[in-house]
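Chemist: Chains as they are written, first to last, in this note's numbering: chain A, 1 to 262; chain B, 1 to 343.
FYI, nobody ran anything at the bench for these hints, they're computed from the structure. Built from N, CA and C at the ideal position, the CB exists for glycine as well. Just to be clear, a hint being listed does not mean it is correct.
[Said to hold, decoys possible] Per label pair, the in silico range of CB-to-CB distance: (1) Gly-190/A x Leu-137/B: 42 to 52 Å; (2) Gly-75/A x Gly-249/B: 46 to 56 Å; (3) Phe-158/A x Gly-307/B: 32 to 42 Å; (4) Ser-161/B x Leu-116/A: 28 to 38 Å; (5) Gly-33/A x Val-34/B: 52 to 62 Å; (6) Glu-138/A x Val-187/B: 35 to 45 Å; (7) Arg-127/A x Gly-168/B: 50 to 60 Å; (8) Ala-223/B x Arg-130/A: 24 to 34 Å; (9) Val-111/B x Arg-130/A: 45 to 55 Å; (10) Val-34/B x Pro-206/A: 28 to 38 Å; (11) Arg-130/A x Ala-335/B: 49 to 59 Å; (12) Arg-27/B x Ala-159/A: 27 to 37 Å.
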Amino acid sequence: MTTAAPAVRTEGLTVRYGAFRALRDVTVNLPPGEIIGLIGPNGAGKTTLLNAISGFTPIAEGSVHVGDRDLTALGARRRALAGVVRGFQTVRLLERESVLTNVLIGTERLPQPSALAQFFGLPSQRRAHRRDTAAAAEVLDLLGLAGQSHRRVDELPFASRRLVEVARVLVSSPSVILLDEPAAGLDQEGRQELASVLTRIHRNHPSTMVVVEHDVDLVKTLCSYVIALDSGAFLRDGTPAEVFGDRQVQLAYFGRAAGADA
Amino acid sequence: MTSTTTRSRTGTGAGAGAATRGPGLGRKLTRLTVFAVIAAVPPLLFDSYWVFLAAQVVAFAIATLGLDILYGRTGQLSLAHASFMGVGAYTTYTVSSYGYGPAVQLAAVVVVAVVAALVVAVPTLRLSGLRLALVTLAFGELLAWVIRNTTDLTGGTQGASVDPIVIGLLDSSEPVDAYLIALVPAVIATVLAAHLGRTQLGRRMLAVRDTELAAESVGVAVARTKITAFLLSAVYAGVAGWLYAAITGFIAPPDFDLFASVYLFVAVVIGGAGSVLGAWLGAAYIVLVPELFTLAGQPNLYPIVGGALLAIVALVVPDGIVGLGRGIGRRVRRARDGQEETA
Ligand SMILES: Nc1ncnc2c1ncn2[C@@H]1O[C@H](COP(=O)(O)OP(=O)(O)OP(=O)(O)O)[C@@H](O)[C@H]1O
Ligand SMILES: [Mg+2]
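The shape of chain B in the complex, shown without the other chains:
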């Protein structure tokens, strides 16, 4: 954007191209190793409260990955993403109260999330931008209203205790177990989201985000692509809500209100829209940073500092933390190439 190279260099496969090339075996192994090492840190080094938070980061990462599909890749603004987490969490609560285990819970969450997403997405087909955001906002409010008025079924404003998930020896009321349980769907969600970038489905989304005219000119179904993105993001959010309910053991309407949706949005923007790594960084940011402020005895500062940081990121590094890293990488490569040429 800022760099217009007039002299054409023969491409060395910088940055952006990774979206269409599958990573080689070597790179896959490197990534796997790095991931395994980072993933092993919380349970091995941290006390159980921080492992509990780490488990939440993992659950929220699924939500931000989903919002990234919708906003980062498809360019659709939703203020109901936390509501879809709520759909997942309350479906989990309802299904588990009948004594059903994690497999049935997960299946129900996926089905209910898809149905709820269709209800929102199909009528709003032709909407985008602010109007879509307003409709999603209305959906969030509707959901909150339903919960408030169905105290028998959902616990209402008082919230509800959710039974832990038990899988074999793992019990999600134990932070380390919850962390391990959450890690499996999160890894799958991450691998699928990364793979999406190498599919025509993923490219349709980018085309809808950047230029609907060009998308249509090659035959892309714009409305269908938006709906698909909305459905995928809702399923991601629903699964995140399922894990959130199991990890925290208690859910209440404020967990899934407008502010929660805004924070998810902040996470995607700060981490770096359109990037899988950015979604993870964003999830870590919204779970851990408020905690650090609380630890420092200044919990009220978080919204202020968080808001300022969002403004700075939006203005200075529009591609978020990940974009910042890439920009530096590009600059380093360019400096190096320049040196080679003069040498």
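Chain A with its partners taken away, still in its complex shape:
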């Protein structure tokens, strides 16, 4: 169901909020099939770049290509159906529903029977339900949430809620995965675990995966490629060693927050 992981390319991307330019003429190439770290100080435009790629913010100038498709004119929903699925920095969950329901909503991209077939519980609906619950169980198990699947998400601690959102993104095995600080709120052990789970999922289901992350060590273990932004502009890209070794990156990034970043 997933095609091979595509390259993602933005060309001269500019996003404006009023007179303010949150992204300025950003051209980046996300290499296909890699786990890419997106770094930059607070307000650098990381979230805005994910929004622009996933269709959640209007683009003033420039274009977004996934593989050889130009997605610039498509809305968020069509981009999701084209395989671009993102998580939010501030988790957006169905608060009063169970963990399982929250993850199952992510199966929307898989072929679903017609509304009437679902309403009347025709065999096609039962098949889809079995397929979807199996996919959800698998990803919940990987993320260590299997025991929580029937709990309401508003009863969960913050770190688990974030993982539920990650699970919702991953459950349909999208070919382009955009995660906005998925490790925020996790302790050191949790971060390492998340990194190994993401690596494992990435190995099982090839994808172009972008992870916004502040923790340098985590980026180094998880990512094979890094893109740095600063003040809405593209700063540097390359291997983790190249990017973190870069003077400008060090100035922009470590200059202000040398210690552990929450």
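The hints should help you fit chain B with the ligands onto chain A, whose structure is shown.
Modeler: Structure of chain B with the ligands alone, referenced to chain A:
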């Protein structure tokens, strides 16, 4: 919402999870038995007036189940739900006046309800919240105006007598028969509404209600989901109107006016939005409670007490009667788990 457990307990499948798991055979049988016992009470124990009211509860339950799909699950506020009952009732009246029986009536009701719902839903695609409520309100007014001005066809403000439904030996002018006739579509409507919670269609609705952004981020068609919910709710209301016309034998515009819509809304909120059981409790509330006040010789108190109760429910138990029950259940379970852990 109020409980933030810092220590994670391994889930024991509490409350909310039931939405995605199908009930096991044992639980299905238990539910069926409980339902059959409760359903058998009115015709066996009550006199015919209360059976007549029970039949109305059953018809109204279909309406509240429908509104629950639209409001409780999809979060869309409609003040035209009783109008769609009216669409069903007046379609029934018109079709039956040509001598057609229940099967044709029902088919016509479904078709007309779908068409009317499309007329309202498609132009209001992008609306939600209060603006949607206002548009639905306008639809209700339009319908009332049409009825007032088509006295030949609909009986106008004077109302109209509707022929009873006759199915085999059952005749809906007999309360017990009306009750039994209404029970069949109500059971089907209930089973389908409960099943909806275990489908992707039902989950789309919840996602549209809670977070449209997350819904879109996984590919949910928000507008289409709203329309689907609106259509389903209109068909439910139409079928309820069909039964209402057959049970009462007489329909008039006030049965389906703004107040009637508000009462349906009250029913869903008091019973517990997003819950099939809540829809039934709400239907029982709006049919039986006014009757109890009348019985006590204080019919004027109902709107006051009803309004106060709605305010209390909205403020204190936002999940309605069903939510109250669940909350107590959770607390009991937690207390029990706590004891086990210390033991
Ligand atoms: N909807 C908006 N309206 C106005 N300004 C915005 C909006 N969204 C973002 N911005 C601004 O754009 C800039 C980039 O924001 P963005 O959220 O992309 O940064 P970020 O790199 O994700 O930062 P953080 O690490 O804090 O998440 C910030 O200065 C922010 O205030
Ligand atoms: Mg951000």
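Chemist: Each hint should be assessed against the structure and marked as holding or not.
Modeler: Against the structure, the hints come out as follows:
1. About 50 Å separates the C-beta atoms of Gly-190/A and Leu-137/B, a value consistent with the hinted range of 42 to 52 Å.
2. Taken as a hint, the range 46 to 56 Å holds for the pair Gly-75/A and Gly-249/B, whose Cβ atoms sit roughly 51 Å apart.
3. At about 39 Å, the CB distance of Phe-158/A to Gly-307/B agrees with the hint of 32 to 42 Å.
4. Taking the beta carbon of each, Ser-161/B and Leu-116/A are about 35 Å apart, inside 28 to 38 Å as hinted.
5. About 55 Å separates the C-beta atoms of Gly-33/A and Val-34/B, a value consistent with the hinted range of 52 to 62 Å.
6. In this structure, Glu-138/A and Val-187/B meet the distance hint of 35 to 45 Å, their C-beta atoms being roughly 36 Å apart.
7. Between Arg-127/A and Gly-168/B the beta carbon distance is about 37 Å. The supplied range of 50 to 60 Å is therefore violated.
8. For Ala-223/B paired with Arg-130/A, a C-beta distance near 29 Å keeps the hint of 24 to 34 Å intact.
9. Judged by the Cβ atoms, the range 45 to 55 Å given for Val-111/B and Arg-130/A is violated: they are separated by roughly 34 Å.
10. Look at Val-34/B against Pro-206/A: about 51 Å separates their beta carbons, and that is not inside 28 to 38 Å.
11. At roughly 36 Å, the beta-carbon separation of Arg-130/A and Ala-335/B lies outside the given 49 to 59 Å, and the hint is violated.
12. A beta carbon spacing of about 33 Å between Arg-27/B and Ala-159/A agrees with the range 27 to 37 Å that was offered as a hint.
Checked against the numbered hints given earlier, this structure breaks hints 7, 9, 10, 11; the rest are met.
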